[in-house]
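*Asks:* Read off the chains here:
Number of protein chains: 2
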Amino acid sequence: MEFSELIKTATVEDVLLSRPGLPAVRGTLCITSHHLLLSSCPRGDLELWLLIRNVDAVEKRVQNLGWYQPPRTGGSLRDTRVSGSSGTITLRCKDLKVLQLEIPGMEECLNVASSIEALSSVDSVMMMYPFFYRPPSLRLQQGWHLCPPERHFQQVASQALLRSSQPLTGPNRRRCREDEKLLGTILAEGERGFVIDTRSAQAARQARMSGGGTEPKSSYPQWRRLHRALERGRPLQESFAKLVEACGEPAPSMERWLGRLDGSRWLSHVKAALSTACLAAQCLDREGCSVLVHGAEGTDTTLLVTALAQLILDPACRTLEGFQGLLEREWIEAGHPFQLRCARSASSHARGKQEAPTFLLFLDCVWQLSRQFPFSLEFGEQLLLTLFDNAYASAYGTFLCNNERERSLCKVKESTHSLWAWLNQPEEKQKYLNPLYSHNPLVIWPSVEPQSIQLWQGFFLRWIRPSQHLDEAWVEIRRLVEGNSSSIKEGNSSSIKEGNSSSTKESTGKRLSQSLPEPPAGTENDAEAWTAGTR
Amino acid sequence: MEFSELIKTATVEDVLLSRPGLPAVRGTLCITSHHLLLSSCPRGDLELWLLIRNVDAVEKRVQNLGWYQPPRTGGSLRDTRVSGSSGTITLRCKDLKVLQLEIPGMEECLNVASSIEALSSVDSVMMMYPFFYRPPSLRLQQGWHLCPPERHFQQVASQALLRSSQPLTGPNRRRCREDEKLLGTILAEGERGFVIDTRSAQAARQARMSGGGTEPKSSYPQWRRLHRALERGRPLQESFAKLVEACGEPAPSMERWLGRLDGSRWLSHVKAALSTACLAAQCLDREGCSVLVHGAEGTDTTLLVTALAQLILDPACRTLEGFQGLLEREWIEAGHPFQLRCARSASSHARGKQEAPTFLLFLDCVWQLSRQFPFSLEFGEQLLLTLFDNAYASAYGTFLCNNERERSLCKVKESTHSLWAWLNQPEEKQKYLNPLYSHNPLVIWPSVEPQSIQLWQGFFLRWIRPSQHLDEAWVEIRRLVEGNSSSIKEGNSSSIKEGNSSSTKESTGKRLSQSLPEPPAGTENDAEAWTAGTR
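Line by line, the protein sequences are chains A and B. So the first sequence is numbered by the working numbering: it starts at 40 and just counts up by one. So the second sequence is numbered by the working numbering: it starts at 40 and just counts up by one.
Just chain A, with the same shape it has in the complex (with noise of 0.2 Å):
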């Protein structure tokens, strides 16, 4: 497959750019094989950049303004074109954004809307951006091992805090004699450990109709089973999806808006998930017992509780470096599978079968203790949003594949750059610390009543109300921290997102060989540039 083929339409004149609380842009549009790009007309000095990746749904409404002009016989579809039709394409995007893009001509936004529908559904994971991207302030390889796994396990131990699958015991109850022996070294003799399995006892049990299930008390003497139903899968992904809606309903009575959010149920699984690490943590530090997490596969919300759990306990897990470490060991190489659990967002109405937000459910767990120990976490909630937004569409390969073995195979830590070498720059770093932060050596018990649960609006109504104010608020607290030999430049990060320098190569070229612009070098994902410069 050619991008050039996936691209009926590259350039058409004259497009109207709206985004919601922002000025709308006239300009050219043109598509590349991984973005969109819209030059300001008339002096062209403004870039705007959106990686197609991140679109999530494509709706399109056509309308003749003119008059209805039959195709003559043997005519193409060309020929039915008329002046004064025009078109509306709204771009639905993974990081909730919402663009429209005015097209004049009907026949050209017909063509606009296939082609992004085409590129973004390009699921080859080789032909995807990261395999492209060269920023000329880093270079491959850079990054990628933050954190060996061995080095992490010489650390903890003790290894007090286990994770795997369910155990295989199927309908006829069978044991695993490896399993139970491996457990049982774990435990002195006389000492107790807990198994937290986030099914309900009912869907364990069920679980072994297909040759699943759960550890029986019998082996497992010294272990105590609890079960902590968390939610997975599909309903999960719906509740995100009503959610999502419901915040972008506009003018809803208040009734009405707490019903919705009610309806949706996010904040019951941001408070069930919360819950669990508390009580996994709780077993840990208060019991001093060991503990096995498990649900059925061990790759989704087996992770939403040990690194939680970890991020509760661990004063380490807090930092900066401390939390991409986390992120490596208890989700990209504990084999959370990005690709299948984020393909789509919350508006695709083209949902697989394997999206979950899961991954997201963790960041707002996060970002809940953040709010309620400000001091006690060194990042603060703009990592949290560019972790999603990489998660779902990126420039960079951290989060391309589902598992290593499949990043292996593509060679994903060979040909694409790692998000967390563009983050470490010193001058990126700044931007995700938390200037408030001071080390805390201690435990941090969340309040979990449903009281202390907080809609996280800087991700739900981030293109819906921009928090601008509250952005500037923590911008000035930070320039307080850093005194007046501040060395932020405020003008150099908002340059890079306005795109304007395009001073980014790249290597090798299944791109269109159009005369086209580069796109620039930042954060991304690029989307940001959509709407930068004016949060």
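Quick caveat, the hints were computed from the structure, so don't treat them as lab data. Keep in mind that this is a model prediction, so the values were computed, not measured. The reader is advised that the hints may include incorrect statements.
Partial list, derived from the structure: chain B residues whose beta carbon lies under 8 Å from chain A [stated by the list, open to error]:
#1 Gly250
#2 Ala290
#3 Pro291
#4 Ser292
#5 Met293
#6 Asp301
#7 Ser307
#8 Phe414
#9 Glu417
For glycine and all other residues, C-beta sits at the position ideal for the given N, C-alpha and C.
Position chain B relative to chain A; hints supplied.
*Replies:* Quick look at chain B alone, frame taken from chain A:
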């Protein structure tokens, strides 16, 4: 009446005070005319003070831990006391704090409870604590004449925002030539004004039956009437009580919590008040029209709207000094009946018909503004909390009585201290300033979408889930702003709160002539002292 008649037991030994989230304190309980005082045992190094006026409801539960001994014939109640009997008194305070006193001896318990009930219900203004309180750092008459209304009227020469009570058209549709002439003089020929009536059109029509009514079009041809119904009176009080009850429920499910939050309708009232204030501000700012606001009496929802509209429009009202002037002008001098409205808070079962938390609703709306515009208000959340506390129970005379006439009759300005005098002392003032404030000359239009309105956790969850970490974050930000040459002496302020220094002198003395220590001078209400030092 003498206070001594109301105090049935003045001193009880070995009382245990429990406060949620804080360690219990055992000590000697003393009841004075205006305060409960607990001196910790054995060392007596901790004195906890509670202004009795702050008590909203007293609940008692006695239990006989020993055996029951029937009273002997002719014996008094005292004779029924048996060793081992005890009682628990729960004090629900107007500032939503909940305290428990365990008192040995059934009779003492009943005596203490009825003493507190009687003292907290004294309704003679001149018996209240502000008439006895004489802090050493202040002199009487200081702070009482912040901004004489005449000066304000000179400043706003166009007088474009007006308020009044309803016109008294009555069932016979009387006209009032003077009113018509007055409103006529405001508008030049061809100009247009808006009357914002804070009642529904139906309620306004019904008001004719009791002598009230609305401005008929025929008599006020240049004025256009808009109805925006705002809740008031009993339904508003019930909304407040419902929300407080919901906030206090331990461990509800998320669904139940959101259901109760919705059922209380409090956030709807916040939204409605802000929306109506925005409407008034828009008529003034965008349409350039004069606006008259009224409901029925013009002393409740009317003030809510005019005060909020001024805060939105006028940067001068957003300074600490300007906000105090706004409160003086639009609430106190305008005749909001504080004594009737704030006699009881959310917990009292003996609610009168006149209670309504209109002022709290205003403070909540101001908090929403401060959250959406973190730079634009010179004062922070702590001021709003202090204002609520003092409106309901205070050592100062500022919120006493229902109007200027009553204040003059009671000689409030001559015989009590002004809250503003206390707040404006340089060291005290620091606590109420917003460290991020920078003058913003623009109109601040808040988002009034329900998605943007948040529960004011700092108020509603103040004693349930102490926001210790968030408070510390603000202290830290203030410290940063002030640099290393900080003049805040935290030790000082906490010693004031803890009540260890008892240098206060009371000049007049209807107090019980007991050898009791004096209450500490402080921000008051002294209630703070029952929890301070740990928040």
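*Asks:* Compare the structure with each hint and give your call.
*Replies:* The hints, checked one at a time:
1. Gly250: Hint violated; B/Gly250 Cβ to chain A Cβ min 34 Å, cut 8 Å.
2. Ala290: Interface hint status for B/Ala290: holds (7 Å vs cutoff 8 Å).
3. Pro291: 6 Å, holds
4. Ser292: 7 Å, holds
5. Met293: 4 Å, holds
6. Asp301: With a closest approach of 4 Å, the B/Asp301 hint holds.
7. Ser307: Given a least distance of 4 Å, the restraint on B/Ser307 holds.
8. Phe414: 6 Å, holds
9. Glu417: 14 Å, violated
The structure does not agree with the numbered hints 1 and 9 stated previously, though it agrees with the rest.
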